[in-house]
Every structure is written in C-alpha cells, then in structure tokens.
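Taken in order, these protein sequences are the chains called C and S. Here this note's numbering is used: the first residue of the first sequence is 1182, the next is one more, and so on. Here this note's numbering is used: the first residue of the second sequence is 90, the next is one more, and so on.
Hints are supplied without guarantee of correctness; some may be wrong.
Unchecked claim - Some chain C residues judged to face chain S by a derived CB distance under 8 Å, without partners named:
hint, residue
1, ARG1296
2, GLY1312
3, GLY1313
4, LEU1426
5, TRP1478
Unchecked claim - Derived contacts from chain S toward chain C, CB cut-off under 8 Å, selection only:
hint, residue
6, ILE220
7, VAL221
8, PHE226
9, PHE227
10, GLY256
11, LYS257
12, LEU259
13, MET278
14, THR280
15, LEU358
16, VAL404
17, LEU406
If you are wondering where the hints come from, they were derived from the structure by calculation, not from laboratory data. Glycine is no exception: its CB is placed at the ideal position from the N, C-alpha and C atoms.
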Amino acid sequence: MTCAGFFRPGGHSFGVWVVLVAMILFGLLRYENFGGAYNISSFLNYNAMFIVISVGMCFVILTGGIDLSVGSVAAFTSVVAAYLSPYGIQVALPGAVMAGLAIGGLNAVFVVLMRIPPFIATLATMLGAKGGALVISGAQTISIDWELNFTKLGMEKAFNLLPWTIVITAVVVVGLWIVLERTSLGRTVLAIGGGEDASTMMGLNVNRAKIFVYVLSGGCGGMAGVFLASGFGAGQPLEGVGWELSAIASVVVGGTLLTGGMGSVGATVAGALLLGLVFNILNFENGRGVISLSAYWQMVIRGGFLFVVILLQSHLARRSKGATQ
Amino acid sequence: MTRTLTLMRAGFDPTRHGALCALGGILLFNLLVTPNFLHAQTLFVNISQVATIAIVAMGMTLVISTGGIDLSVGAIMALSGALAPLIFLSEFAAANPTLGLVASIIVPILVALCCGVFNGVLVSYLNVQPIVATLIFFISGRGLAQVMTNGNLQTFTNPSFSYLGTGKVLGLPFQGWLVLLIAVVLYWMVTRSVFGRQLLAVGGNERAARLSGIPVHRVKIGAYVICAGLSGLAGLIVVAINSASDAARIGNLMELDAIAAAVVGGTLLQGGRAPIFGAVLGAVIIQLVKYTLLANGIADEVALIAKAGIIIAAVYLQQARKE
C-alpha cells in the first residue's frame, strides 16, 4: 500500500509523530510559558508559511520531482501582495496567489512539456523569480501601511478564535490532505512516484497530475508570500533564501521518500512543526540563561537534525527492503 | 586522428559547439557594445572572478558525472574561508609565520576533504539521495563557519596569503593559472586514469559498473571528496581576493553557478560524461554574461533572469538532441 493516512502508525512517518509528541512534552514540562496561548499562537503564525510551502513541496516530491523555486516565489509574491495591498486583502491575497500559480505554471511547462529535469527547471525559475522580485521592487522592501486590512491577517482572529493565518493554513492542509487521500488526482500523484511509465501504461493522466503538482506548489509559494508580507508588514524581495531546502527537509523528516510514491500531508506538517520546534525550544533554553547559543547554532543544529533523520530513514528503508525480499 | 577522437570522446564533444557559439556571440556583442572591453584590465577582472566558479564547476562536473549533485559547495567554501584567517591570525602563526601560513592553507582544505568524505559515504554506503545528503552541509556548513567566527567579519593584511587571489604570474592572475593546472590534471584523470574510466562507468550505468567489479562506493566517494577539496580551495581564493572573510557571504549561491556552468559546458545530469574543459567554458560564459550586463549598466537582478534563461536553453538543447 502506498497510501498513508494522517495519523497512520507504521511505515516511515511514525517516527516523526513520536518525536514531535516527545518534544512538545519536553517543552511543556521544562518551560512555564511553552503551552501558553501567546507562544502557541506566535509559533504557528510564524511557521504557517513554512507549513504551506512544505505541503506543496510534498506533492511535487511524491511524483518524484522537486521544486527549488518556492522560496523565490514567496519573495516575489510578497512584493506583489505589498503592491496590491492598498486595494484591500480581497485583491492582494488572490493576486499574490495567482502570481504564484503562474510561476508554478511556468515550472510545469518546463518540466512536463519541455521535459527539462525538475531540479534544473525549478532552479532556473528560482533565479528568475528572485530576479523578478528584485526588479519590480527596485531591490527595496515595499512597506505596507499598517492601517490597511491586509496586515491584520496575522493578528485579527477569525471567529474570535485563531488568527486568520492559522485558519487559512489549516484549511489548505486539510483540503490538500483530502485531495491526496480521497481523489483520483491524489491517487495518480502517488502512482506516478511509484512508477511513471507504469502509470502511463495503466492509462492514468500522468501529465495532468504533474502539471497540477507544480502549479499547486507555486500557489503554495504565493500563499506563503502573502503570510510573509502581512506578518512583516512589507514585501520582502530578499527573503525566501533557503526556504526550498527547509521545505524539502520538512518533507524528508516527515518520512516522504525523495524518490516519490510514498508519504503523507500530515507527516509533512509534523516535519515542518518539528523543525520549527527546534528553534522554539532553543529560544526558551536561551531565555533561561542556561546555555547561550547564537542564531548561527540553529542552522548547525537543524543540519544535525536532518542528518539523524536521514540515518533513521536509510535504516528503515533497508529494513523494509530486507523484509520484502 | 586518433587524438582528435579521444578529444571528442572525453572533452571536446560536439554538444559543446552550442556553448562555443554562445561564447563567440557574447564576445562579439561586447566588442561592439561594451566600452573599453579590449582592455587588459577587463581580462584581469574576469579571470580573477571566473577562477572560483571554474574550480568549483570542475568538481561539480565530476560529481554530476556519477549521476549525483553537490549542494554543499558554497557552504564548504565558507567553512574553509572562515578557517584560514582564524589560523594565520592566531598566536601560533604569529610565532611561526611560515608554518602558520602553510597550516592556514592545508588545514582548511583538509577540513573540506573531510566534508567530502561525509557526503560521499552518505551517498554511497548509506544510499541517501545526493540532493538530501549534501543538503546537510548546505544547511549547517555556513552555520558552523559563523559559529567559529562568531559571525564577525575578519579582515587582515597578509601579503603571502593574499597571493592566492591577487598574485600575478607572467602578467596574468595567479588563480587563472591554477584553473588551467587543475583542468589539465583533471582532464588527464578523466580520460587516462583508471579512476576516470571507473567514474564515467559508474555514471553511465551503475548496476553494470558494480557487476563488472568496479568499486562503485569508493569511486563515488572520490568524486565528492575532489569536489569538496576544490570548493575548499575556492573558498581560500575568495578570502585572499578580498583580504577579508565574511562567513555569511563566501560562496553564497555558488552551488547554482557551479551547476549552471557544468550544465552549460555539456555535462549530462544523468551522469556518464565529464567534460572538464566544458565546465571551464561554462564558467567563462556565466561570468561573461554577468560582466556584460553589469558593464552595460544593467542591474544585477536582471543578470539573475538571464542566467535562468541560459540554464533552461542549455538543458533544453541537450534534451532535444537526445530525443
């Protein structure tokens, strides 16, 4: 079975849930304010953009592809959102997402129609989108008027419950989970990663599914750009560097194999939360004054974390291979 | 005749004519449009700038020829570039200047080689995909460099070390000669040595290579180690050019330039081919495009878009020829 449910134990994604729960318990027991509304809300608010691009990336990776352009897309669309913000959120949000979808469409043209390897195609759009963001912004951050309703996205609570950013993220995650697990399109995405030629021969519409994943990933990048612009109150053409790799790391930590065919939306979200929690816990630890780790250590620790996960994955993969043989 | 044939097989591949035409086009354009292009200063600037891209691109070519990719080159450059000044500015180096200088060149390169072993072992023995394996150092390598230097900019005046980046031999920048030397050695290695044969065999068909008794794991590790060592050297050159070391900036985005140069130079992403001089040519083209746009007052940002266009065109042409 290649399908993987949201919380399905076993397989590659089980470990990430265990570690996530362990880290949350550790945080709750060790730090007083860890479970406080402020920490939870600001943590989710900040990590919303990473969760969204990670889920988009998950779809691309499931087909055996990769999308390196998401960080640049977020930078580009944050500038688009900033320019559109005077017209209100009802224009800025769809506008920025459309810009992201368009760049995703370009990726799809390169990969599906021109048959350029995904790594190279999205590398090129990464450079192009970054250049585009710098050109249209004049390499300046485009500040957004705090009076506009656009910046309320991360602060104003939907139904007096949670900030809009988190609600939108939750809707995106659940929606995409349904697409992957319950629709024929989602099945095709999983099947392509399992074997592209076989899927074609079975009569599945492989090209349509591949176009879908790249356009989707672009749209997720656009959504992340909206969160970025509203969270910082400015269009940020220089942001987004290395985001694609964080997203890939989240997907990998979530147990999705980079060869595709196996993985889940839920585990990817868990992977993104896990990588974010490493930072959160480090901040708390710094706050206690026990240790004092500079921001530079965070990258080192993140890399080390990825290393451990990869070792585990490789071990698991070998064990399951041994079991089937 | 046989010689031309070997040349064609190893480096001077027909696929590269596209790249040569592009180079000719850029040169012609510059001669006609760019002011003061035919000036010795232009040559010096471009040679000293292109050297680091070319050195890393040659290493990248070897890795790609095994069917892999190395994202960690920029981070490894930062690591070695941050280490060198730490060593020759230390008390030990103040007491023994010569030994300190030698150590400040050898130790960073050794560290880089170790990173290469790490990458290679993950890719070969643990069977981790190259993108993911080299992602580890991509993320943490620069962080390590910043931890070592506390994120500070290290400036120095050390004429003997700076020779790496500012010295001249026969009137041309030292690092230009270094590129030539490395290219000749690697070209010999790819075309004539057993290791080179094994490298291309692994990239061409890994299963067949393994079945015919080639030590696939060791060959792959070799490719990553050479690539990392060359990146370490490139990091030293960047620091020597600037007489300053900023871990946040050394080798930033170098992986993209190196991959682009390798691909433009005719390296197939599927592996099995290692055109060393092609990589140098690709690096020259990338550098010249950057220079042309800058010299004509076009912003850096647009250069990024141009680079994107070049990469797509180069790979598309490769792809079209194959089909």
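Now for the hints, and whether the structure bears them out:
1. Hint status for C:ARG1296 relative to chain S: holds, with the closest Cβ pair at about 5 Å, below 8 Å.
2. With a least beta-carbon distance of about 3 Å to chain S, the hint placing C:GLY1312 at the interface is held under the 8 Å criterion.
3. For the restraint placing C:GLY1313 at the interface with chain S, the shortest Cβ-Cβ distance is roughly 7 Å, inside the 8 Å limit, so the hint holds.
4. Proximity of C:LEU1426 to chain S holds as hinted, the smallest CB-CB distance being about 6 Å (cut-off 8 Å).
5. Checking C:TRP1478 against chain S: minimum C-beta separation of about 6 Å stays under 8 Å; hint holds.
6. Hint status for S:ILE220: holds, given a least beta-carbon distance of 7 Å to chain C, under 8 Å.
7. Residue-level restraint check for S:VAL221 holds (minimum Cβ-Cβ distance to chain C is 6 Å; threshold 8 Å).
8. Evaluation of the S:PHE226 hint against chain C yields a held restraint, the C-beta minimum of about 7 Å falling below 8 Å.
9. Interface restraint check for S:PHE227: the shortest CB-CB distance to chain C comes to about 6 Å, inside 8 Å, so the restraint holds.
10. At its closest, the beta carbon of S:GLY256 sits 32 Å from a beta carbon of chain C; the interface hint therefore is violated under the 8 Å criterion.
11. Evaluation of the S:LYS257 hint against chain C yields a violated restraint, the C-beta minimum of about 33 Å exceeding 8 Å.
12. Because the closest C-beta pair between S:LEU259 and chain C is about 36 Å apart, greater than 8 Å, the hint is violated.
13. Violation of the interface hint for S:MET278 is found here, the shortest Cβ-Cβ separation to chain C being roughly 26 Å, above the 8 Å cut-off.
14. For S:THR280, the shortest C-beta to C-beta distance to chain C is roughly 26 Å, which exceeds 8 Å, and the interface hint is violated.
15. Interface hint at S:LEU358: satisfied, since its Cβ lies 5 Å from the closest Cβ of chain C, which is below the 8 Å cut-off.
16. Because the smallest distance between the Cβ of S:VAL404 and any Cβ of chain C comes to about 5 Å, under 8 Å, the interface hint for this residue holds.
17. For S:LEU406, the interface hint is violated, the least distance from its beta-carbon to any beta-carbon of chain C being 10 Å, above 8 Å.
In the structure shown, a violation is registered for the earlier hints numbered 10, 11, 12, 13, 14, 17, in ascending order.
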